[in-house]
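Asker: Chain residues, written in single-letter form:
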Amino acid sequence: MSVMIRPSDVKIREGATPGTPYAAFTVGQKLKPVRFMITPEIVDEYARAVEADLSLYRLDGRPVAPPNVLFVYMTGVVYRTYPPIQGIVMIEADFRWRHPIYADESTEIVASGEIVDKFEKRGRRYIRWRGDFHRADGVLLSSLINTFHVPE
Amino acid sequence: MQQTFDMTQEKIDRYGDINGDYDIIHYDHDYAVQRGFRGTLAHGPHLSAFTCDLALKKYGADWFRHGRLRTKWIAPVCPGDDLVVELAGDGTITETVNGAPVVVGSATIEKD
Numbered sequence: 003m004s005v006m007i008r009p010s011d012v013k014i015r016e017g018a019t020p021g022t023p024y025a026a027f028t029v030g031q032k033l034k035p036v037r038f039m040i041t042p043e044i045v046d047e048y049a050r051a052v053e054a055d056l057s058l059y060r061l062d063g064r065p066v067a068p069p070n071v072l073f074v075y076m077t078g079v080v081y082r083t084y085p086p087i088q089g090i091v092m093i094e095a096d097f098r099w100r101h102p103i104y105a106d107e108s109t110e111i112v113a114s115g116e117i118v119d120k121f122e123k124r125g126r127r128y129i130r131w132r133g134d135f136h137r138a139d140g141v142l143l144s145s146l147i148n149t150f151h152v153p154e
Numbered sequence: 657m658q659q660t661f662d663m664t665q666e667k668i669d670r671y672g673d674i675n676g677d678y679d680i681i682h683y684d685h686d687y688a689v690q691r692g693f694r695g696t697l698a699h700g701p702h703l704s705a706f707t708c709d710l711a712l713k714k715y716g717a718d719w720f721r722h723g724r725l726r727t728k729w730i731a732p733v734c735p736g737d738d739l740v741v742e743l744a745g746d747g748t749i750t751e752t753v754n755g756a757p758v759v760v761g762s763a764t765i766e767k768d
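The listed protein sequences correspond, in order, to chains A and B. Counting from 3, one number per residue, gives the positions in the first sequence under my numbering. Counting from 657, one number per residue, gives the positions in the second sequence under my numbering.
Hints are computed from structural coordinates only; laboratory data are not their basis. Mixed in with the good hints, there may be bad ones.
Straight-line distance between alpha carbons at most 35 Å, and here's what the computed DSBU-like set of lysine-lysine pairs gives [as the list claims (entries may be wrong)]:
| # | chain 1 | residue 1 | chain 2 | residue 2 |
| --- | --- | --- | --- | --- |
| 1 | A | 120 | B | 728 |
| 2 | B | 728 | A | 123 |
| 3 | A | 34 | B | 728 |
| 4 | B | 714 | B | 767 |
| 5 | B | 714 | B | 728 |
| 6 | A | 32 | A | 123 |
| 7 | B | 667 | A | 123 |
| 8 | A | 32 | B | 728 |
| 9 | B | 667 | A | 34 |
Computed from a predicted model, the values in this text were never measured in an experiment.
Please build the complete structure, drawing on both the sequences and the hints.
Answerer: Here's what the structure looks like:
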């Protein structure tokens with residue numbers, strides 16, 4: 003089976019399925035692991051999109067990806083278990099970087115996670131989940147907590 | 657440390673391409689207005705990324721192994737906005753449009 007590369011391959015498209023209403027999210031639910039590859043080309047395209055200065059991103063003589071490149075795969079982890087409805091709005095993210103992603107090679111990544119909370123505040127409904135991004139050989143690259151608003 | 661970015665629909669579209677995002681709130685002006693916004697919305701993580709060059713300049717190599725980036729998207733950024741991104745000495749992130757905060761958070765080093 004080929005490994006997914008573009009975030010659009012990883013994500014379930016908004017509107018492509020009926021989508022997941024707030025009530026269907028279950029706290030404690032493990033998210034299906036997602037396997038994808040970050041290539042040098044993806045790093046370049048991401049850097050252009052966020053106007054990053056790649057000349058800054060070097061470590062021990064090697065080019066390194068902006069660790070925030072994982073942002074573009076973020077929702078793919080939760081959307082593959084809970085397909086999105088239109089109009090989801092991201093509220094906050096808390097990323098911790100643990101290991102560099104080198105930009106002179108392709109890196110296979112396995113992302114996993116679980117739903118940790120769902121709550122209502124001022125009439126709006128929110129989902130909070132946590133995720134881990136490991137290299138395929140088991141090295142932890144990054145951990146994440148993300149909160150988004152589900153419109154209804 | 658401070659940097660200013662001008663937001664355009666072209667930039668939102670470019671981020672959307674790599675983000676693999678098809679939510680029409682980022683692309684359909686009329687839908688976004690109907691939802692109560694001034695216009696289409698820049699992606700929140702797009703805005704967060706603008707702080708990362710500043711964090712790398714501040715922290716150097718530690719950023720890759722011990723960096724923590726917390727961002728909360730509190731107000732929309734739309735095409736035509738000038739976004740001012742500031743990273744304070746204590747790691748506090750403030751991004752503003754016309755002086756009003758749109759993103760708050762922190763970029764810090766945490767070795768635990």
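Asker: Each of the hints needs a verdict: does it hold here or not?
Answerer: Do the hints match the structure? See the list:
1. A/120 with B/728: holds (17 Å)
2. B/728 with A/123: Distance of about 16 Å is within 35 Å: holds.
3. A/34 with B/728: holds (26 Å)
4. B/714 with B/767: This hinted pair holds, its Cα atoms lying about 16 Å apart.
5. B/714 with B/728: holds (21 Å)
6. A/32 with A/123: The given pair, whose Cα atoms are some 24 Å apart, holds under the 35 Å limit.
7. B/667 with A/123: Holds. Residue 667 of chain B to residue 123 of chain A sits at ~32 Å (cutoff 35 Å).
8. A/32 with B/728: holds (24 Å)
9. B/667 with A/34: holds (32 Å)
Hint compliance for this structure: no hint is broken.
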